[in-house]
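Protein sequence lines correspond, in order, to chains A and B.
Quick note: the first sequence, position 112, residue 112 per my numbering, numbers continuous.
Quick note: the second sequence, position 162, residue 162 per my numbering, numbers continuous.
No wet-lab data here; the hints were simulated from the structure.
Even for Gly, the Cβ is constructed at its ideal location relative to N, Cα and C.
Be aware that one or more of the hints could be misleading.
Unchecked claim - One-sided excerpt, in silico: chain A residues whose CB lies under 7 Å from chain B:
id, residue
1, Thr36
2, Phe44
3, Ser55
4, Arg255
5, Tyr259
6, Leu261
7, Tyr283
8, Arg409
Listed here are the chains, written in short residue letters.
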Amino acid sequence: MQKITIDPVTRIEGHAKIDLYLDQNGDVADTHFHVTQIRGFEKFVEGRPYYEMPSLTARICGICPVSHLLASAKACDAIMAVTVPPAAVKLRELAHCAQFVQSHALNFFHLSAPDLLLGFDSDPARRNVFGLMEEHPEMARAGIALRKFGQEVIEALAGERVHPSWIVPGGVNAPLTAAARDRILAGLPQARATAERTLEFFKGVLDRFAEEIAHFGTEPTMHAGMVDEAGGAQWYEGRLKFKDAEGQAAAAEMRAADYELFVGEACLRDSYLKAPYFKPLGYPAGIYRVGPLARLNVADGMGTPRADSELAEFRQRAGNPAHSSFHYHYARLIETVHALEKMERLLADALALNPHVRAHAEVNCLEGVGMIEAPRGVLIHHYKVDEQGAIRWVNLIVATGHNNLALNRSIAQVARHFVHGAEVREGMLNRVSAVVRAYDPCLSCSTHADGRPALELRIIGPDGGVRTIR
Amino acid sequence: MKKVRLATAWLDGCSGCHMSLLDLDEALLEIAKRVDVVYGPLVDAQEFPKGVDVALVEGAVSSQDDLEKIRTIRQRSKVVVALGDCAVTGNVPAMRNSIAPRKLLERIYVDGALENRGIPTEGVPSLLRRAIPVHEVVKVDLDVPGCPPPPKAIAFVLAELCEGRIPVLGAKVKFG
Chain A
1 MQKITIDPVT RIEGHAKIDL YLDQNGDVAD THFHVTQIRG FEKFVEGRPY
51 YEMPSLTARI CGICPVSHLL ASAKACDAIM AVTVPPAAVK LRELAHCAQF
101 VQSHALNFFH LSAPDLLLGF DSDPARRNVF GLMEEHPEMA RAGIALRKFG
151 QEVIEALAGE RVHPSWIVPG GVNAPLTAAA RDRILAGLPQ ARATAERTLE
201 FFKGVLDRFA EEIAHFGTEP TMHAGMVDEA GGAQWYEGRL KFKDAEGQAA
251 AAEMRAADYE LFVGEACLRD SYLKAPYFKP LGYPAGIYRV GPLARLNVAD
301 GMGTPRADSE LAEFRQRAGN PAHSSFHYHY ARLIETVHAL EKMERLLADA
351 LALNPHVRAH AEVNCLEGVG MIEAPRGVLI HHYKVDEQGA IRWVNLIVAT
401 GHNNLALNRS IAQVARHFVH GAEVREGMLN RVSAVVRAYD PCLSCSTHAD
451 GRPALELRII GPDGGVRTIR
Chain B
1 MKKVRLATAW LDGCSGCHMS LLDLDEALLE IAKRVDVVYG PLVDAQEFPK
51 GVDVALVEGA VSSQDDLEKI RTIRQRSKVV VALGDCAVTG NVPAMRNSIA
101 PRKLLERIYV DGALENRGIP TEGVPSLLRR AIPVHEVVKV DLDVPGCPPP
151 PKAIAFVLAE LCEGRIPVLG AKVKFG
């Protein structure tokens, strides 16, 4: 009997742990993914005024606070029953695109690139962004610059980079100035060049990872992502499209307000992270994936020229639908290029400088649902309030939750392929962590109940014996 | 010059303070020449090492795991910095403190689910009755408030600590 512990799983956004159970031959028989934190936002916000919700729920996640600000503000827009001024929609979308750039850059360069460039089996003491600074300084600089650009755009719009209070119910609280627009426009060409160069680099090295591509979560599942009326990718305002494992539409496209007809939530005994499932198929058959890979799989197009041509190439290389979760990395880089193209388009519109950016109203509906695509997948905020606007009930379904069932299965697949009890090397365990990194789970988001995801890996043999490898 | 052994830890927080650290941008390249990051979410160390010079701690102490972790951090670190409002005061995580943990968990895992209802118990740490600031558990050498603290303040803190001085922050930081 063996037990191997990886604690914590590193270079992920949060804490979790994984148990691997070995059979008598030393092969992996079963795996359990534990997310170990719960914060209770859905309960402790009861009684607060609804208009505090954007600022409060931003504190669910410091990596993608803009996602929570937007989903929350949209739920509040619905409670006020207002139409957000068109200029404010543009500015919200601009901040959203900037967040995709900074968040995707963080995952690719700061967290995942050490595996891809230094090697899954390289020295764990150097296999990090600081090792990258020494071995591949140009790549480390590119990552810092791209993340910085995204954060600077958020700062130019909102005055602060993390937890900006600028996105509010009814719109945003200040228009974009011409000077700030020009600053952003001045930085865009270089950011685009960096993103496109990185995508080219990644495509160039993709063939080195044939074994990872073949085993990093390749089980066909459904995919879900938001689309516009023409079926193109949409991150801010759209309907959620579910496609089955063969790439066919699985249901009518879902409006935000109808999410409870499509998405159920199950509890797992061994994790604070609940497991949403596609309700028409039930639990656990209704497994689906969200996030960059799923969004590329469900969309008919990206709607910007470079990203569209990259999508066509992606489908050729990775399949349509693409099943390997390793390709989350590839999809993330295409989305980064798209986000920058979209920012150019948003800023070219004269409406971006329009001063009418906020609608004011009292409570006009006792319920509201906000849905957006966060960098990691679809995010839903659902609030019920009383006549005075005090929160009575809240439900939050976050991106990483949707991926919980698929992430569990991907971990099992990677562990079975790469980990063998007779001779467990650190690099094998790092691959189990790496498939988690590919999904880019945000465990601080996913456990909007409490704070800390610690990923810990244990392998337990059939006789109850335990081995810990550090 | 000997590099300063730096650890960063994330208890019950949102990672916003770590993001503010990354918001040092290119200055990170300079800091990396002076410090060796030996533990934290950005590196692969499995265990909090001994002989840490500076530990930056984000987040409140909220679960049994957090409690054990902060005690280990204190034992093995010369200087412990409470980074951000959650570590300094409890902040947002402490908003749950008026509610019994059982009620909180029932709301989420019994009332808030359709299948397999029930509070998770296997392989997950129990919640403490209250989410508490770091100083309620161990001695803290420096408080750096902010939600999150601004990157410039974090840069100043690291520069001073690298010189062996405890920084005087004054108006460089504020709560919220």
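Please list, smallest to largest, the hint numbers that this structure does not respect. 3, 4, 5, 6, 8
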